[in-house]
Amino acid sequence: MGTSRERADDEACRRVDTDVTIMLIKRSSDIRTSEITDKSHYLNRRQFLNAVAVATAATAAGPLSSETLAASNGAAHGRKLANVAKGAFSGSGDKINSWNDITSYNNFYEFGIDKNDAVTNSGKFVTSPWKVSIEGECEKPGVMDLEDMLKSETLEERVYRHRCVEGWSLVIPWVGFPLVNLIKKVQPTSKAKFVEFTSAADPKTMRGVRNPILRWPYREGLRMDEAMHPLTLMVAGLYGEVLPASDGAPLRLAVPWKYGFKHAKSIVGIRFVEQQPLNSWQQYAPNEYGFYANVNPAVDHPRWSQATERRIGEFFRRKTLMFNGYADQVQSLYTGMDLRRNY
Amino acid sequence: MRSRYVESATIYSRRGIYRGSLSKAFKTRSLPESADDGGIAATRRSTGNMSAIHALIPRLPIPTGINPPSGAICLTMTRNRQIRWLVKPAVFLASVAPSAWLVWAALHGQLSANPLGDVTNETGVWTLRFLSLTLCVTPVRRLAGWNDAIRFRRMVGLFAFYYGTLHLLTYVVADRLAGLEFENGIVAWTTARDLVATVASDVVKRPFITIGFMAWLCLLPLAITSTAAMIRRLGGRRWQALHRLTYVAASTGVLHYWWLVKADVRRPMVYAVIVGCLLAFRVWRWARAASVPTMRRAAASIRM
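Chains as they are written, first to last, in this note's numbering: chain X, 1 to 343; chain A, 1 to 304.
It is possible that part of the hints are untrue.
[Claimed, not checked] Just the calculated beta-carbon pair ranges, DEER-fashion:
(1) A/V273 to X/H77: 36 to 44 Å
(2) A/T190 to X/V299: 51 to 59 Å
(3) A/L242 to X/M337: 50 to 58 Å
(4) A/Q82 to X/K319: 34 to 42 Å
(5) X/R340 to A/I186: 52 to 60 Å
(6) A/L195 to X/R340: 26 to 34 Å
(7) A/V273 to X/Q275: 37 to 45 Å
(8) A/F281 to X/E135: 53 to 61 Å
(9) X/N83 to A/L195: 31 to 39 Å
(10) A/I186 to X/Q331: 27 to 35 Å
(11) A/T190 to X/A307: 17 to 25 Å
(12) A/L195 to X/T189: 52 to 60 Å
[Claimed, not checked] Lysine-lysine pairs mimicking BS3-like chemistry, simulated, CA-CA at most 30 Å apart:
(13) X/K80 to X/K124
(14) X/K95 to X/K140
(15) X/K80 to X/K204
(16) X/K86 to X/K191
(17) X/K86 to X/K319
(18) A/K205 to X/K124
(19) X/K80 to A/K262
(20) X/K193 to X/K80
(21) X/K204 to X/K86
(22) X/K319 to A/K88
(23) A/K262 to X/K204
(24) X/K184 to X/K124
(25) X/K193 to X/K131
(26) X/K95 to A/K262
(27) X/K140 to X/K151
Because the hints were derived from the structure by calculation, they are not lab data.
The C-beta atom is built at its ideal place from N, Cα and C for all residues, glycine as well.
Kindly generate the complete structure, drawing on both the sequences and the hints.
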């Protein structure tokens, strides 16, 4: 039945074949030097093909696995920061994690819920110019340009242990200045009992914000004495370079004796308030995340233990230290407080 | 005797080899005269589930009167052989692939900075995927009429157990063992003791671990009784009843995922919807079967 049709098809195929052949025949002189692929491009092409091969492999098995998986490609390197002093706490004795680990393994829900979403999805995020609004109970409120703010501070490097509430930790060489310096400049009034930090929340450049898991913008808070503690750092850099977007550029907080979620990222607002502010995670699940969120191996998260932690890059879990190992510096802040209740 | 015979004959028909000579085959074995074609069909329908189970058994003694397929290499494979020698191995390889990829990716730095966390998550998610696939088999047969799907159910189900076990082992080793103190070194009986103690206390203490462990415990007897010998030993009905534990395993598995996420429950919700629909299909069928008046049930079962 189909024989005549098959024959016609064959004919068509042959015709097409011939056409193609004619089109493809080129004598060597037809190739001009300008058409010869540059060697670097050629090599790029190889890289590209390798990348494609990896990507294809990843799509073959991975699409299905895309729920959590991603290679640990870190953020691109930024400008070197000038005049970074070696500050106190600059050597904690712990092995410092790599740039890749620090920039690719990170919770930054404004860019997505996976650890590598921050580095993957923060490409469009603009961190310069950047303004920080100082509000509330202080003598000198106003909008500060970040550049001016940083110019008037001496940046120092501090190697801090960073413990996530999920049970993993990193050792990070932050670059920044003590928050207390800034607080002294803006002169909080006697009514200022707490500091509230507000993070950026631009749905155009931060795709995670389109997903209302938390109530955006992200908010965090510290008690005044915590905020003025010499360990509390306003961070603008990492590894001596400008802080990458994935890690909370251009300005974030580091409070090393508290769980990671207390470290507000991409800060746009600092407000001095009388009442204890409601931080975003506490608002989301008050039984799981408190206001203080001090690292405490004795007080478990309702769903998992906080007794041990996995230092990124290690197999065996470490014992989690009280106040993340900064007890000598900070435990006096909490004398007489029930830390089981004030988790 | 008769019913058993009919069942095995059905299998051959199901495999599409001797469909044409079925009635002849029966006649040569001098079955009761009432066993005409209609009778066979009715019996076959009413024992539908039984024969489905038997279809899983790779080799049944071939009844005399039916010539066994020739051992010669045939270029045109029977459907049965296609499934057995081409499709099944392909499905097997595809099912192993995610775990193989995980190992490869872990060794080549293609995972995140916390590869053990990735392996834990991935093996867990793959368990849910394979459980969902297992639950798809019956709806696919009933709704799409693709009866051969049954021939993959055991393999897919065992892969659910495979990924579930990998998931459990990753947790035991990377989360529990790695958190021990090893006061007498790692190679010491105290290590085993402490490991059991820490796993047990975690299972008791944390609801999401409790329920995840329960899900795995449900899968264990199903994997053990997945062999043909066990099916025969238990008998079809009891085997089938036992294997309804799959429903419990899938539900508790989804709950386990739901309870462990920190915020955003969209991912566990996907599995909740899938497993929910697949279980709802069963409920719908049972409800429908129960609503058919007793007198008409037999007739209806033929039509089903």
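Here's how the hints hold up against the structure:
| no. | hint | in the structure |
| --- | --- | --- |
| 1 | A/V273 to X/H77: 36 to 44 Å | 43 Å, holds |
| 2 | A/T190 to X/V299: 51 to 59 Å | 27 Å, violated |
| 3 | A/L242 to X/M337: 50 to 58 Å | 54 Å, holds |
| 4 | A/Q82 to X/K319: 34 to 42 Å | 58 Å, violated |
| 5 | X/R340 to A/I186: 52 to 60 Å | 33 Å, violated |
| 6 | A/L195 to X/R340: 26 to 34 Å | 28 Å, holds |
| 7 | A/V273 to X/Q275: 37 to 45 Å | 42 Å, holds |
| 8 | A/F281 to X/E135: 53 to 61 Å | 57 Å, holds |
| 9 | X/N83 to A/L195: 31 to 39 Å | 52 Å, violated |
| 10 | A/I186 to X/Q331: 27 to 35 Å | 34 Å, holds |
| 11 | A/T190 to X/A307: 17 to 25 Å | 18 Å, holds |
| 12 | A/L195 to X/T189: 52 to 60 Å | 56 Å, holds |
| 13 | X/K80 to X/K124 | 21 Å, holds |
| 14 | X/K95 to X/K140 | 41 Å, violated |
| 15 | X/K80 to X/K204 | 28 Å, holds |
| 16 | X/K86 to X/K191 | 35 Å, violated |
| 17 | X/K86 to X/K319 | 28 Å, holds |
| 18 | A/K205 to X/K124 | 44 Å, violated |
| 19 | X/K80 to A/K262 | 36 Å, violated |
| 20 | X/K193 to X/K80 | 36 Å, violated |
| 21 | X/K204 to X/K86 | 37 Å, violated |
| 22 | X/K319 to A/K88 | 47 Å, violated |
| 23 | A/K262 to X/K204 | 25 Å, holds |
| 24 | X/K184 to X/K124 | 34 Å, violated |
| 25 | X/K193 to X/K131 | 24 Å, holds |
| 26 | X/K95 to A/K262 | 29 Å, holds |
| 27 | X/K140 to X/K151 | 18 Å, holds |
The structure does not agree with the numbered hints 2, 4, 5, 9, 14, 16, 18, 19, 20, 21, 22, 24 stated previously, though it agrees with the rest.
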